[in-house]
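J.: Using the hints provided, position chain B relative to the given structure of chain A.
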Amino acid sequence: MATYQLNVNGQRKQVNVDPSTPLLWVLREELNMTGTKYGCGISACGACTVHLDGIATRSCVVPVSLINDRPIVTIEGIGADPVGRTVQDAWVDKDVVQCGYCQSGQIMSAVALLKATPKPTDTNIEESMGGNLCRCATYVRIREAIKSASQQLK
Amino acid sequence: MLSSSRFFIRTLLLILVSTVAWIALTASAAIEVPEFKKLNADANRRDGLAAWQKVYSVLTSPRCINCHTATNYPQQGDDRHRHFANVIRGPEGKGVPGLNCISCHQSANADSTGVPGGHNWHLAPLSMRWQDANDRPFSSAVVCRAVTDRSKNNGLAGPALIKHHEEEALVLWAWNPGLRPDGSMRTLPPLSHAEFVAATRTWVEAGTPCPNK
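Listed in order, the protein sequences are those of chains A and B. Basically our numbering = 1-based index in the first sequence + 1443. Basically our numbering = 1-based index in the second sequence + 41.
Treat the hints loosely; a few may be bogus.
[Stated by the list, open to error] Below, in silico cross-link-like pairs of lysine-lysine (DSSO-like), each with a Cα-Cα straight-line distance of 30 Å or less:
#	chain 1	residue 1	chain 2	residue 2
1	B	Lys135	B	Lys193
2	B	Lys135	A	Lys1590
3	A	Lys1537	A	Lys1456
4	B	Lys204	B	Lys254
5	A	Lys1558	B	Lys135
6	A	Lys1558	A	Lys1456
7	B	Lys135	A	Lys1597
8	A	Lys1562	A	Lys1597
9	A	Lys1590	A	Lys1562
10	B	Lys78	B	Lys95
11	A	Lys1562	B	Lys135
12	B	Lys95	B	Lys254
By construction, these hints were calculated from the structure, which means they are not laboratory data.
One chain only, chain A, in its complex shape (with noise of 0.2 Å):
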């Protein structure tokens, strides 16, 4: 076990782990974040997408041991970033959640595109969306939320 301090939505959390425990183990059980989803634990379906250092990661791959001083920002958190904000909001707007597992991992994963590319073509779209998996099939209403997120950040 080891002492971590982590920063997680701009608060400074403290908690004693074994070094080899993933992120999103962390953040669920230790510290009672459950909006980040578990969902194939070996990186391929994105539901436990979170930001780590501006940059959208697979929390379900990452030991705590290698995140060092490194801000995390996780669904709880990215309603506070404006583009985040903008991105939720198209989403309830577009209506684009049916089970709704997946979708934290898809609006981390759509807000780290939209701040790198503000306005994404398809091709943009379903490069970076791409190691998302949606078992609804949400794809089409992700790729308008995405497009209406754009426009409402011109």
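T.: Chain B only, in chain A's frame:
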């Protein structure tokens, strides 16, 4: 009488040394004839090519060539299959905004989750592809020409190639590739790192010769 005898011995020694030096110089001049030069050059090239083949065996091993693809994606595994999760090369070989290489590959191997890692994880540029678009490794000659072409290899001359093979973090990673998700060790390249660097040095010192075909 004694002094005359010493003078005689010294003179004799001087003559002897001069004679030996003359013979040595004559012999060395004989070696410098064109035939001998050609033999030396041939032997040097032969050694260099043999060393290159060792280097090539490492470059085309999965730990190296999986990130020297000609396609829009990296490969993984000893069978060099396409990287899972729809991973894309991206404009700089580092993935795309929602799915960067560092979305999973951190600064070090994550043995608890089986994800390899190293500093600045990324794909080699397309100019340094070592395989064709059907994932078949290029021949030794083609890879050699690419590696020695400074317009393709980021301007690396011979000594810089040695340094690259000796010190670059992602090159070194190949000999410390971490554990697979099932907990077993990833396969290493066919040579040790020391042997790889030694072969690179021999090849560079021979003038980086490449096979003709």
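J.: Taken at face value, is the distance from the CA of Lys135(B) to the CA of Lys1562(A) at most 30 Å?
T.: Since the Cα atoms of Lys1562(A) and Lys135(B) sit roughly 20 Å apart, the hinted pair holds (cutoff 30 Å).
J.: Given the hinted pair Lys1590(A) and Lys1562(A), is their alpha-carbon gap at most 30 Å?
T.: Within the cut-off at roughly 8 Å; holds.
J.: Holds or violated: Lys204(B) and Lys254(B), Cα atoms, limit 30 Å.
T.: The hint holds at about 27 Å.
J.: Taken at face value, is the distance from the CA of Lys1456(A) to the CA of Lys1558(A) at most 30 Å?
T.: 26 Å, holds
J.: Compare the distance between the alpha carbons of Lys135(B) and Lys1590(A) with 30 Å, and conclude whether the hinted pair is satisfied.
T.: 24 Å, holds
J.: Can you confirm whether the C-alpha distance between Lys1537(A) and Lys1456(A) stays at or below 30 Å?
T.: 35 Å, violated
J.: Does Lys193(B) lie within 30 Å of Lys135(B) when you go C-alpha to C-alpha?
T.: At roughly 18 Å apart (the allowed maximum being 30 Å), Lys193(B) and Lys135(B) satisfy the hint.
J.: For the pair we were handed, Lys95(B) and Lys254(B), check the Cα-Cα distance against 30 Å.
T.: Holds, at roughly 16 Å.
J.: Given the proposed pairing of Lys135(B) with Lys1597(A), does the C-alpha separation stay at or below 30 Å?
T.: 27 Å, holds
J.: Starting from Lys1558(A), check that the Cα of Lys135(B) is at most 30 Å away, please.
T.: It holds: about 16 Å lies between the C-alpha atoms, which stays within 30 Å.
J.: Is the straight-line distance between the alpha-carbon of Lys1562(A) and that of Lys1597(A) 30 Å or less?
T.: Holds, because 9 Å separates the two Cα atoms, which is no more than 30 Å.
J.: Within a Cα-Cα threshold of 30 Å, do Lys78(B) and Lys95(B) meet the stated pairing?
T.: Answer holds: Lys78(B) to Lys95(B) is near 26 Å, not above 30 Å.
In terms of the numbered hints stated before, the structure departs from hint 3 and from no other.
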